[in-house]
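Asks: Using the working numbering, read the sequence shown as starting at 3 and increasing by one per residue.
Some clues are possibly wrong.
[To be verified] Keeping only pairs whose Cα atoms sit at most 27 angstroms apart, straight-line, the calculated BS3-like set for lysine-lysine is:
#1 Lys355 with Lys117
#2 Lys4 with Lys28
#3 Lys4 with Lys117
#4 Lys288 with Lys278
#5 Lys232 with Lys288
#6 Lys258 with Lys247
#7 Lys331 with Lys117
#8 Lys288 with Lys258
#9 Lys258 with Lys117
#10 Lys355 with Lys258
#11 Lys331 with Lys355
#12 Lys288 with Lys355
#13 Lys278 with Lys231
#14 Lys28 with Lys331
#15 Lys278 with Lys355
#16 Lys28 with Lys67
#17 Lys288 with Lys247
#18 Lys231 with Lys283
#19 Lys129 with Lys117
#20 Lys231 with Lys392
#21 Lys4 with Lys129
[Claimed, not checked] Cβ-Cβ distance ranges computed for the label pairs, FRET-style:
#22 Phe70 with Gly99: 28 to 36 angstroms
#23 Arg93 with Lys67: 28 to 36 angstroms
#24 Ala145 with Thr372: 13 to 21 angstroms
#25 Tyr338 with Glu363: 22 to 30 angstroms
#26 Gly99 with Glu200: 51 to 59 angstroms
#27 Asp246 with Ala123: 40 to 48 angstroms
What the hints contain is simulated information worked out from the structure, not anything from laboratory work. Bear in mind that the values here come from a model prediction, so they are computed numbers and not experimental data. Glycine included, each C-beta is placed from N, C-alpha and C at the ideal position.
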Amino acid sequence: MKRKLLIVHGGAPTAVINASLYGAVKEALDSQEFSHVYGARGGTEGIINADFIELGRLDASTLEKLPFTPASAIGTSRFSVRFEGYEQMVRILIEHGITDVLFNGGNGSMDTCGKLAGAMASDPKAKTIRVAGIPKTIDNDIAITDHAPGFGSAARYLAASIRELARDIASLPIHVCIVESMGRNAGWLTAAAMLAKESETEYGPHLIYVPEVPFDEERFLDEAASLYKKFGGVLVVASEGLRDKDGNPIVEPIFKVGRSVYYGDVSAHLSNMVIKRLGIKARSEKPGVLGRCSIAHQSDIDREEAIIAGREAVTAVLQGHTEVMVGFKRLSSVPYRCEPFLIPIEDVMLHEKTLPLEYVETEHAWISETYERWCRPLIGRALPDYAQLK
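Make a model of the complete structure from these sequences and hints.
Replies: Now the structure itself:
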């Protein structure tokens, strides 16, 4: 009897989550081991409601578009599953004859994946169902894996946008501009702004603030004033999750639901501070979700690895593995080489990987060359090299 595969998306989408979907569907079809390949419509709620999309019968043209399609083609959610929800999911999986489930998401989705496996272990009819995780996050905060699909494209978007903005700020040097980057607790993405820096030039970014380093408002104002006096135009990149020395957010969160915290407008807070305290014109920019859905800035490396992650997850369950997540192991940065490997799901469930302080130059509100060597391959092709008139 052939197997039945169910693919589930969880959490915020990325520019390459559909590339992983493509990889999983292609591998499943190529294996000829599955009679059906389903997608849960709208994430875990799609399982609970038995709302499935038949992916195994997509026409070739639609399937080939998936790696270049932003957001989640099957829909995702931040639905918080309670105990009875796991029991309901197990019942639905049994009723529909599902043999394999793949969760594509971050550490929260891996937690759901692990808990579902635990619920299935207590039901004799579900013990043979295999579950595996496909990593996905723009924050790069999933434990153990070197990086996760979604991060490279978001990093490229930020770096490319900051490089363009730096030219604008320098050409009309009249204000301090603060750009707010996503990444609530981990500064991996914010740090990628350093890739925008054009060496041997006055172009920004000039200051980068990550949540791992306590934010000192007085020091920030001193640095902004000094740079403004030197350059006229100053470009600052700040994480949305900045905290003070006591661990408190510098701007109170405006909304909380489950694990999700929606922070206040950090960039507006800092720009208002510059205006009121320094008397300098300032403005705030907040790309927000644009940074996670831009196909125009999709990293080719990120896309390729997302496809690999999807394929490897299918291969894993077909080989009898369960309760594992596909990870990436860095073999070298120059030339860039990575290989996939399997990680026990319990090692990544809700574990959060923050930016190591060795990657941060705390004295200068800057990011180290060690981080640059690690991150640069992940954004793919080189950023545009712009003209500079002497």
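Asks: Now, for every hint given, state plainly whether the structure supports it.
Replies: The hints, checked one at a time:
1. Restraint check: the Cα-Cα separation between Lys355 and Lys117 comes to about 20 angstroms, which is no more than 27 angstroms; the hinted pair holds.
2. Distance check on the hinted pair: Lys4 and Lys28 sit about 16 angstroms apart at the alpha-carbon level, within 27 angstroms; holds.
3. At most 27 angstroms may separate the alpha-carbon atoms for a hinted pair to count; Lys4 and Lys117 meet this at roughly 26 angstroms.
4. For the hint linking Lys288 to Lys278, the alpha-carbon distance of about 20 angstroms falls within 27 angstroms, and the restraint holds.
5. Of the supplied pair hints, the one linking Lys232 and Lys288 holds, its CA atoms being roughly 25 angstroms apart against a limit of 27 angstroms.
6. In summary, the hint linking Lys258 to Lys247 is supported, as the alpha carbons are separated by about 22 angstroms, within the 27 angstroms threshold.
7. Of the pairs offered as hints, the one joining Lys331 and Lys117 holds, with about 25 angstroms between alpha carbons and a cut-off of 27 angstroms not exceeded.
8. With a C-alpha separation of about 20 angstroms, the suggested pair Lys288 and Lys258 falls inside the 27 angstroms cut-off, and the hint holds.
9. Annotation: proposed proximity of Lys258 to Lys117 holds, straight-line Cα distance about 23 angstroms (limit 27 angstroms).
10. Our distance criterion of 27 angstroms between C-alpha atoms is met by Lys355 and Lys258, whose separation comes to about 21 angstroms.
11. Of the pairs offered as hints, the one joining Lys331 and Lys355 holds, with about 15 angstroms between alpha carbons and a cut-off of 27 angstroms not exceeded.
12. For the given pair, Lys288 sits about 24 angstroms from Lys355 by alpha-carbon distance, which is consistent with the 27 angstroms threshold.
13. For the proposed pair Lys278 and Lys231, the alpha carbon gap of about 17 angstroms is at most 27 angstroms, so the pair holds.
14. About 23 angstroms separates the Cα atoms of Lys28 and Lys331, which keeps this hinted pair within 27 angstroms; it holds.
15. Of the pairs offered as hints, the one joining Lys278 and Lys355 is violated, with about 36 angstroms between alpha carbons and a cut-off of 27 angstroms exceeded.
16. Taking the CA atoms of Lys28 and Lys67, the gap is near 13 angstroms; set against the 27 angstroms cutoff, the hint holds.
17. Restraint check for Lys288 and Lys247: satisfied, since their Cα atoms lie roughly 24 angstroms apart, inside the 27 angstroms limit.
18. Proposed proximity of Lys231 and Lys283 is supported: the alpha carbons are some 13 angstroms apart, at most 27 angstroms.
19. A threshold of 27 angstroms between alpha carbons decides the hint, and for Lys129 with Lys117 the separation of about 13 angstroms falls inside it, so the pair holds.
20. Distance restraint check for Lys231 and Lys392: the Cα-Cα separation of roughly 21 angstroms lies within the 27 angstroms cut-off, and the hinted pair is therefore satisfied.
21. In summary, the hint linking Lys4 to Lys129 is supported, as the alpha carbons are separated by about 17 angstroms, within the 27 angstroms threshold.
22. Here the CB-CB span from Phe70 to Gly99 is close to 33 angstroms, well matched to the stated 28 to 36 angstroms.
23. The hinted range of 28 to 36 angstroms is satisfied by Arg93 and Lys67, whose Cβ atoms lie roughly 34 angstroms apart.
24. The given range of 13 to 21 angstroms is respected by Ala145 and Thr372, whose C-beta atoms sit roughly 20 angstroms from each other.
25. The beta-carbon spacing between Tyr338 and Glu363, approximately 24 angstroms, falls within the hinted interval of 22 to 30 angstroms.
26. A hinted range of 51 to 59 angstroms for the beta carbons of Gly99 and Glu200 is consistent with their spacing of about 57 angstroms.
27. One distance hint, 40 to 48 angstroms for the beta-carbon pair Asp246 and Ala123, holds here, with the actual separation near 44 angstroms.
Hint 15 alone, counting from the list given before, is not met by this structure.
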